[in-house]
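Below are the chains, spelled out letter by letter.
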Amino acid sequence: MQPENWQRIQDIFYGALPLPHDERVEFVSVESLGDAELSGQVLSLLHEDEENSLELLESSLFELGASIIVEQDELDIGVQLGSYKVRSLLGSGGMGSVYLAEDIRLDRLAALKVLPLITTAGSKAIEQFHGEARAASGIAHPNIAHIYEFSESAGRHFLAMEYVEGPTLRSLIKEKKTDINSSLRIIRQVCQALIAAHAKRIVHRDIKPENIIVTDDGLAKVLDFGLAQRSDGDASSNPFSTAGTVSYMSPEQIRGEILDERTDIWSLGVVFYEMIAGSRPFTGTDTSAILDAILNQPPAAMSADSKIERIVTKCLQNDRNDRYSSAKELLDDLVDVDSALSRTSQNYWPWALGGLVVVLVLAFLVGRRDQANVASPVASKPVGSVAVLPFRHAGIAPNKEYVSDGIVESLINRMSQIQNLEVKARSSVFRYKDVAIDARQVGSELGVQAVLTGDIVEKDQNLTIDLSLVDTSTGDKIWSERYDRPSSDVVRLQNDIAVDVTAKLRGSLSAPDRQKLVKNYTNSPQAYNDYLLGRFYWNKRTGTDIENSIVQFQKAIDLDPKFALAYAGMADSYVLLPSYEGALPPEIAFPKAKEAAEKALALDDSLAEAHTALSFALFNFDWDFTESENHFSRAIGIDPNYATAYHWYGNANLLAYGRFDDSIEAMKRARELDPLSLIINADLGTSYCYAMRLDEAIDQFNKTLELDHNFYYAHVYLARTYLLKGDNQKALDELQQASGLSEDPRIPMLRSRIYSKMGRKANATQALAELRRMSSKRYVSNFDFALTYTGLGDYDNAFASLQKALATHDGNLLYLKADPLLADLRSDPRYYELLTKIGLEK
Amino acid sequence: MAETPEITSLLAAWKDGDPGSLDQLLPLVEGELRRIAHSYMRRESPNHTLQTTALVHEAYIKLLNGANPEWKSRAHFFGIAANIMRRILINYARDRVAQKRGGPGVQILNVDEVAIMSDQRSEEVLALDEALTRFSELDPVKSRIVELKCFGGLTAAEIADVTGLATPTVNLYWRLAKAWLANEIKQNL
Chain G
1 MQPENWQRIQ DIFYGALPLP HDERVEFVSV ESLGDAELSG QVLSLLHEDE
51 ENSLELLESS LFELGASIIV EQDELDIGVQ LGSYKVRSLL GSGGMGSVYL
101 AEDIRLDRLA ALKVLPLITT AGSKAIEQFH GEARAASGIA HPNIAHIYEF
151 SESAGRHFLA MEYVEGPTLR SLIKEKKTDI NSSLRIIRQV CQALIAAHAK
201 RIVHRDIKPE NIIVTDDGLA KVLDFGLAQR SDGDASSNPF STAGTVSYMS
251 PEQIRGEILD ERTDIWSLGV VFYEMIAGSR PFTGTDTSAI LDAILNQPPA
301 AMSADSKIER IVTKCLQNDR NDRYSSAKEL LDDLVDVDSA LSRTSQNYWP
351 WALGGLVVVL VLAFLVGRRD QANVASPVAS KPVGSVAVLP FRHAGIAPNK
401 EYVSDGIVES LINRMSQIQN LEVKARSSVF RYKDVAIDAR QVGSELGVQA
451 VLTGDIVEKD QNLTIDLSLV DTSTGDKIWS ERYDRPSSDV VRLQNDIAVD
501 VTAKLRGSLS APDRQKLVKN YTNSPQAYND YLLGRFYWNK RTGTDIENSI
551 VQFQKAIDLD PKFALAYAGM ADSYVLLPSY EGALPPEIAF PKAKEAAEKA
601 LALDDSLAEA HTALSFALFN FDWDFTESEN HFSRAIGIDP NYATAYHWYG
651 NANLLAYGRF DDSIEAMKRA RELDPLSLII NADLGTSYCY AMRLDEAIDQ
701 FNKTLELDHN FYYAHVYLAR TYLLKGDNQK ALDELQQASG LSEDPRIPML
751 RSRIYSKMGR KANATQALAE LRRMSSKRYV SNFDFALTYT GLGDYDNAFA
801 SLQKALATHD GNLLYLKADP LLADLRSDPR YYELLTKIGL EK
Chain U
1 MAETPEITSL LAAWKDGDPG SLDQLLPLVE GELRRIAHSY MRRESPNHTL
51 QTTALVHEAY IKLLNGANPE WKSRAHFFGI AANIMRRILI NYARDRVAQK
101 RGGPGVQILN VDEVAIMSDQ RSEEVLALDE ALTRFSELDP VKSRIVELKC
151 FGGLTAAEIA DVTGLATPTV NLYWRLAKAW LANEIKQNL
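Quick mapping for you: the protein sequence lines, in order, are chains G and U. Per this note's numbering, the first sequence runs over residues 1 to 842. Per this note's numbering, the second sequence runs over residues 1 to 189.
One chain only, chain U, in its complex shape (with noise of 0.2 Å):
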């Protein structure tokens, strides 16, 4: 592993509960991130077929196992990478909604018709975050098995083994969370 000693202390700090080390936190990861994937590909076979998901996943274990071997806790790993995941897609999504809204008159090329995001996405996404906040000041746990899944992408039963819930449990807790943020989401939207 060749991540900087830089990334193992902010996320120490971040565990310590220093949410601020969070924002310095991300480019690092991200960009450490897609350092240890394209290795991954240039290594690759040409005839092999790549899954992004899987990829990345690959990456992020090597990155976070990587940068604190004792962090054995599966729970904790998951958290953090879905947080990291939430941040990512927000930060893209504000990007590309301001892009939108007050972006350069003049738009040199086009590359960035449909790209990972629609706009209508991104609206969605930033929505949803924010509803998601507001969750989490009235249910933590349901919260958090929301992000587990959205932003993790964790299934069901694998939230149920990270989180020592049951795997009913947490499909109930899915649906109330998810009818409390559809409703949140449509009233602010």
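Same shape as in the complex, but just chain G (with noise of 0.2 Å):
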């Protein structure tokens, strides 16, 4: 609009005004003189009046300022609040500001949101919300920021909690960083993070990816746990309410009713919705096109596997009823996904899914075993050596396996304590489950004298067990019992089967024996079912399923806080956890696992289990190698047929030490009590490959490979073989099909490693750049780019790697002594230095 029509424009827009609306366009355009341009100008700002539509205008504009003012209250860096004190600012808006803080009492870093004075002064509300976060702060998981108090001082008013970084989900969506298998890790976390909330009758009730952080170590932990708005809908109620993100509302929090965990369901939906699909299943112009959207219609079409896109319609029920009734049931079905997806896709640890190829192995090689060690017993004579086999379940519903697994595992574990008795690991009889036995054949695969089989049935509440003991020798029964109990006495029924089968193996039974047996470890059958469902997904070996585990055995303490097996088998998950893709790194794993070991040691010290995962724990993260060997000579002297205990221990201990042929030995003592263990039989390959027997570990890993041809591991640890004999390409190849079954970092350092040795620079810098790319998106040992520098002769980065991992504590700096490819570096005085620091050298 041109200033010298401005007035006329203005005569023209008053005189319309009066004028009914069906008469200006007449009056406008006689008084524009034919003038077109100055009509339509008119013309538009009448439009515009009638329209109003700039509802901005109207707004409160100077409340908005009035609220910027006081509510952005930055505090200084330095200033302490309690016992926190202030180091930056994380980001602010009007519900107060968020600062990086060092807590100086505990030591330790922590986020503090600190309340505007103006939402805080005076209110009632600070009271409630005492109450909230007091409750939110007994929630502790590792899928949960961690609330540490709400609190005041000097009239501020703040809640401190754990201290996360990394990306939250809405920018890793928006970066479309969410395929369907990190899209699924993610979920199942949060799933977990809401069981464990929902265990303690919190509802987040604003679940979305706002509130969602994912670390990189894969880690997702969900923030603001039951701090969102109230489910009375007053918003005022709460300071930290953050209105507005109507997307992941529920039907019933739009309606303004009671909320239960349901709504959290609800919202996770939307959100496993948005990662799978990259858009929202509820979309609308504005904020009540999308409330109606979630109300009344269904949510838009998704192309999607069907499993997962069945999981999201289950959450995105209108009526809650129809929804997954708990978290648990989604995580169930979710992890029924996930292995599903893995046998597709790469897998770190794909023997643990590999039943059936298993089993079809070992029929191949059946006859060819060695026998030798196989003694005929004697039927008057007692019995030394003993499998359990899992019972056939043919009249057990599918998801009360646990049950009959867990009474197998249990009687293994008792047995095994009985001395001169030898009692197969659980990982090699499990190799049968499902599978026809024929008891000769598994007493030459395994190595025992005797097998136990058993048919278990469940009806109306009652176990029936039908077991039996076969001499292997002859396939004869030496035995043969029927157990009829009702499904609550389980407990007491393994009791007796171990009692009858260890006096019937062994002839007799003296009374300290008998003690052990029927050692009882809780009162409370709830609390040992779930103990057993924890030891189910725990065997299972993935990265869920020992997350699952850590769930179940949680549960089993909360139900009987004394319950010193369910801690030792948390132990033994957060002991594992670090070795699995996206799961806990280890300096956030190993205290906790030592915490559980310390905690079941103390209800009860004569947990092998919990001995090893502390002896473990004690050499790996604390280096503490006088107080580890102590654990595990315990653990083996409580337990002399537990084949993890000297797995670990002459995997990490004595391999460390560089005391080869005690590593060795253990290793074969180990695989003895265990010897269709995949992860067994391929250390002891790197046993000897460490020792510098070469031919040997090359035996030894193709022999596990017979086992399992898809064990990532044995390729990569035999490609690593056969780069120390100088065989560059056989280390090639392997390397080749490794790197086709998992992303493990070794792969690139080993393809460097062989690269420099072919004197081929630039692939070996090629590969270095690989190790670096994996690094950005996945936990890397500074230990691999140390052995990767090595080889390029790049010796100065070699030792700063050596340093960092030396500064982070990282458990592999551990093989600096022993592993033959460093030993380029060993006539460097660093070298000695470290290997001084860590302890390995006085």
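Think of the hints as simulated: they come from the structure by calculation, not from any bench. Treat the hints with care, since some could be wrong.
Simulated restraints, written as ranges between beta carbons of each label pair [said to hold, decoys possible]:
hint: 1; chain 1: U; residue 1: Arg134; chain 2: G; residue 2: Ala800; range: 57 to 63 Å
hint: 2; chain 1: G; residue 1: Gly40; chain 2: U; residue 2: Ala166; range: 29 to 35 Å
hint: 3; chain 1: G; residue 1: Glu175; chain 2: U; residue 2: Gly31; range: 33 to 39 Å
hint: 4; chain 1: U; residue 1: Glu123; chain 2: G; residue 2: Gln736; range: 52 to 58 Å
hint: 5; chain 1: U; residue 1: Glu123; chain 2: G; residue 2: Met302; range: 26 to 32 Å
hint: 6; chain 1: G; residue 1: Arg830; chain 2: U; residue 2: Gly31; range: 52 to 58 Å
Non-contacting residues of chain G with respect to chain U, defined by C-beta distances greater than 12 Å in every case (computed) [unchecked claim]:
hint: 7; residue: Leu106
hint: 8; residue: Thr313
hint: 9; residue: Ser325
hint: 10; residue: Asp434
hint: 11; residue: Arg485
hint: 12; residue: Ser487
hint: 13; residue: Arg669
hint: 14; residue: Gly793
hint: 15; residue: Leu840
Cβ-to-Cβ under 10 Å is the rule here; a few derived chain G residues that face chain U [to be verified]:
hint: 16; residue: Ser44
hint: 17; residue: Ser53
hint: 18; residue: Ala66
hint: 19; residue: Ile69
Just so it is clear, CB atoms sit at the ideal spot from N, CA and C, and this is done for glycine as well.
From the two separate chains plus the hints, produce the assembled complex.
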């Protein structure tokens, strides 16, 4: 609009205003004297006046400004609130500011949410909020950002919570960094968080991508548990309420109903949908349209794997009674999808899944195994070795399989504590699950004199188990018995079986042995049930399953806080977690493992598993070699048949010390107890490899691969062995095979080493770059970098990486002395300096 | 009053037509306002519900009167108040939009969720500011009414009081200004 026209525009505009609508157009065109531009301008102004659509101009911008003035009150750096010293501002908004602070009392970092003065001054809501924060602070879970406390200092109210670094799920979605596998991993973890919180009757009420942070290690952390707006809809009652994000609200939340756990399941469903589909299930041009879609429409169609689609749809049922009734139920379905997907994509531990393949391979192997150490039992003499095979469970619902497996495992654990009776480990015997069994065949494969087989049926809350003890040299039944008990009586049932079977095997039973067999770990059948379920997951050996096992163990502990076995299970779970893709980093997992193991031992010092887990954690993480040895000795003193104890001690402690012969012996003992365990078989090869007994190593790795050709770990270490042997092409071939199965950082590391040795420097450097790329996506030990640099002859960087490993207490560094790939560094004084610092050299 | 002499001299410079002085003035005034507002809040009895607007208003009066007791002119005072508020809003909206567009990839904690202004509102405020600047070249009187009404929080009657116009005139002016701005903003959004 031109200034010269402005006066005329105004005149015509004001002239037209008093007229009725239908007379205005004519008036304007007459007054404009045929100036079409002028009349057009006036008409559009009149149109705007009628529409009055710019709501902004009627809103109180002054109040907005006032809020900005008052609420953006930043604290100065260095200021202390309670025991928290403010370090830097992380972010701020109308709901207060968040600072990175240092808790000088506990010497840890924390995120401080400091409430704006305006919302807190004289507010009664603060008291109410106090209570909620206190409840939320009771949830300790790896997937929940821990609320430390809600407190007040110098008139400022603040919430101290765990400081979590990483992008929010929102930004990952934006950057399209959520493929199906990572989405599942994240959703699963959030699901675990919900399970833990819901168990304490705490509902999140505001699950959305902004409230989920994913750390570099792939750990998902849910923020602000229990701090969201109350179900009574009174936003003012909560100083942290973040009104406005309606897309994740459940229908009942919109309707202002009382909320329960199922609102979180809905919201998680929306998040999951968004991650998979890249758009939201309920959309609209404005808030009210979105609300309407949520309330009245089905979610927009998505194209995804049908299983996933089913899960999402079940989360997004308008009527909450049609949704998953618990996060646990949802998780079970997610786990199913997960394992279905894992089978078709890369997986860290393919052997854990390849049951069928293994059985076929075994069948093929029969007849050419070494049978020299299989002695024929004489019926009247005590039987010295036995395999308790998984029960056939035709009459048991699939979801109760863990009861059947749990009884078997409990028998193994109890009986293996009996001196002079060798009981094969679980991972060997469970390869016979759901397979037709020939006792003599099993006997020769496992090297046992007897096998115990059973059939289990559950009907009307009653368990019936038919057991048979079979002589493997003849195939004859030594003994059989039927047990008929109420399902709730599992603990007593397995005590009785353990006593009967052992007495039969040994001919008689001493009082102390009987004591070991009937030991009662808990009086709560439900807790024991949860424990069995935990072990069931733990044995599946995938990252998800181990995470699930923690939840189950925790449930058992909640029911019976004195249930030592459950703590031991927890310790075992945390000890293993760092080895699995996307799982917890060592510095988080090991302290938790130790805590659980110590708790278990405080309750019951005679748990071999707890001593073993503690021994492993003390060695790998604390580098406390003496204490680690002590606990190992305790473990095998209690349970001389515990394969894992020999395995870990042989592969960790003894190998790191460079005591190769002892390491090989320990690994052989582990293999004897658990002959079909892939990892134990492979690690025996590893011991040979470090001992530079390369031909024996190659032989052992090949034996392992005969059990399961897809066991990537054996390929990787076989490649290592070939490299040491100077057979570079074979080494590359093995790596090629491994890289099709896994994304282990040791693969590019070894590739670089091989190329270095072949004099192909460009390729070697390229492999280093690949390792670097990998480290931006997942945890890569600095030790692997050190190995790579050593190959490249870049010793300065090698030592720099080793120093970093030292600074982070990276357990891999413990192999500094033993690893033949570091031989080139041994003439450097820095090498001995490091050894001394680690404690491997006096 | 504990405001710095700096504020006083900057206010005087601004009054004398040095537009650059407002840039230096703004953080000082904002900080001072906040300090005053907070000192009020600490004195409030626990059950008293606070009104942000009233509180800032009061702080404003105190600051500006204290800064220069001679400034008795209400029009002048509200003009400054509205202008300062406009700058505060614009800065906030700009930060917010900048954060949204090119913000750091790592958002450490989620607190900025629908804070004082949504992203959309921030964009609108910026558009309004630009449109209002153009409007002030076309029609300074009406644009001042807009500023007083939108950013100064005054009613039509108060604007009439401050500007010496009749209330119905203020309303008519406001109607045209609003239509013009709406038209302008829509064309530019």
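Each hint, compared with the structure:
no.	hint	verdict
1	U:Arg134 with G:Ala800: 57 to 63 Å	holds, 59 Å
2	G:Gly40 with U:Ala166: 29 to 35 Å	holds, 31 Å
3	G:Glu175 with U:Gly31: 33 to 39 Å	holds, 37 Å
4	U:Glu123 with G:Gln736: 52 to 58 Å	holds, 53 Å
5	U:Glu123 with G:Met302: 26 to 32 Å	holds, 30 Å
6	G:Arg830 with U:Gly31: 52 to 58 Å	holds, 53 Å
7	Leu106	holds, 20 Å
8	Thr313	holds, 28 Å
9	Ser325	holds, 29 Å
10	Asp434	holds, 47 Å
11	Arg485	holds, 53 Å
12	Ser487	holds, 46 Å
13	Arg669	holds, 49 Å
14	Gly793	holds, 36 Å
15	Leu840	holds, 38 Å
16	Ser44	holds, 6 Å
17	Ser53	holds, 7 Å
18	Ala66	holds, 4 Å
19	Ile69	holds, 5 Å
In summary, this structure violates none of the numbered hints.
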